[in-house]
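Chains as they are written, first to last, in the working numbering: chain W, 11 to 123; chain A, 8 to 116.
Read the hints as simulated data drawn from the structure, not as lab findings. Treat the hints with care, since some could be wrong.
[What the hints assert, rightly or not] Label-pair restraints from in silico Cβ distances:
| id | chain 1 | residue 1 | chain 2 | residue 2 | range |
| --- | --- | --- | --- | --- | --- |
| 1 | A | Thr27 | W | Asn32 | 38 to 44 Å |
| 2 | A | Leu95 | W | Phe104 | 25 to 31 Å |
| 3 | A | Asn58 | W | Asp67 | 28 to 34 Å |
| 4 | W | Tyr80 | A | Lys76 | 23 to 29 Å |
[Said to hold, decoys possible] Covered by chain W, per the in silico footprint, the following chain A stretches (three or more residues, Cβ under 8 Å):
| id | region |
| --- | --- |
| 5 | 23-35 |
| 6 | 83-90 |
| 7 | 97-104 |
Source: prediction; values computed, not measured. The beta carbon of each residue, even a glycine, is placed where N, CA and C say it ideally should be.
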Amino acid sequence: RKEVEQDPGPFNVPEGATVAFNCTYSNSASQSFFWYRQDCRKEPKLLMSVYSSGNEDGRFTAQLNRASQYISLLIRDSKLSDSATYLCVVTTDFSGGYNKLIFGAGTRLAVHP
Amino acid sequence: EAQVTQNPRYLITVTGKKLTVTCSQNMNHEYMSWYRQDPGLGLRQIYYSMNVEVTDKGDVPEGYKVSRKEKRNFPLILESPSPNQTSLYFCASGRGAQYFGPGTRLLVL
Chain W
11 RKEVEQDPGP
21 FNVPEGATVA
31 FNCTYSNSAS
41 QSFFWYRQDC
51 RKEPKLLMSV
61 YSSGNEDGRF
71 TAQLNRASQY
81 ISLLIRDSKL
91 SDSATYLCVV
101 TTDFSGGYNK
111 LIFGAGTRLA
121 VHP
Chain A
8 EAQVTQNPRY
18 LITVTGKKLT
28 VTCSQNMNHE
38 YMSWYRQDPG
48 LGLRQIYYSM
58 NVEVTDKGDV
68 PEGYKVSRKE
78 KRNFPLILES
88 PSPNQTSLYF
98 CASGRGAQYF
108 GPGTRLLVL
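Could you build the full structure based on these sequences and the hints that come with them?
Printed below as a string of C-alpha cells:
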C-alpha cells in the first residue's frame, strides 16, 4: 500500500464547477499536511497547508480528518487556470530533526470552457 | 526574490559519463533535498541534507551522490549514469513546506 494515495483522475470539469479531491495516508504519526499544485513540466508549488480545523483560501478549502487519515481539497467556481495536477503531501518528523515529506502521485484536473 | 535554481535544465548524456546537477537557494534554509519524478510514481526523495556537512539517503539513493559544503548549494552527482536514471529531477529547500527548483530533465542513452 502506498503511504499517500490519491485518485489520479483526470477530473474533467466545466468552468464554474465545484470539484473535490481526496487523499489518504497510512502513517498515523504524520504531523503536517499540504496541497501542492504542479503545472505540466513545471515544479510543484505550495498551494496551501492543511490544518486540523480546516482552512480556506479564497476558492480553495482544505480539510483534515486525522481519525480517518484523510485529507481533502475543495475547489469552488473552477477557472481554466486551475487546470493542473494537485499533489497531496504528508510529513513526518523523525528523531534527530529529520522531517520527511511523502508525496502522493497527484490528481489531474482539467477545467474546460 | 526567494528562489531555488538548478542547472542544467535539460541534459542528454550517455551511459557512464559522470555528470553533476547544481542546486542553489537564496533563502538561507538549512534543509535541502533532491527528488526524482517519474510517471505514476510521484516524487521520490533521493537524498536530503539537514545542514552543512550533514547529508543522508532518502528513498531512492542508489546511483547518486551529494555534497553540502555550503548552506546555499547542494549538487547532485551521478558518477556513472544509467538509462534507468532518465527522469525529471527537482531540488528543494525548506522544512515542511518546501520550495522547488525549476527541474532538470535528464535523458541517459
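Outcome of the hint check:
no.	hint	result
1	Thr27(A) with Asn32(W): 38 to 44 Å	40 Å, holds
2	Leu95(A) with Phe104(W): 25 to 31 Å	27 Å, holds
3	Asn58(A) with Asp67(W): 28 to 34 Å	31 Å, holds
4	Tyr80(W) with Lys76(A): 23 to 29 Å	42 Å, violated
5	23-35	violated (count 0)
6	83-90	violated (count 0)
7	97-104	holds (count 4)
Consistency with the previously given hints fails for numbers 4, 5, 6, ordered from lowest to highest.
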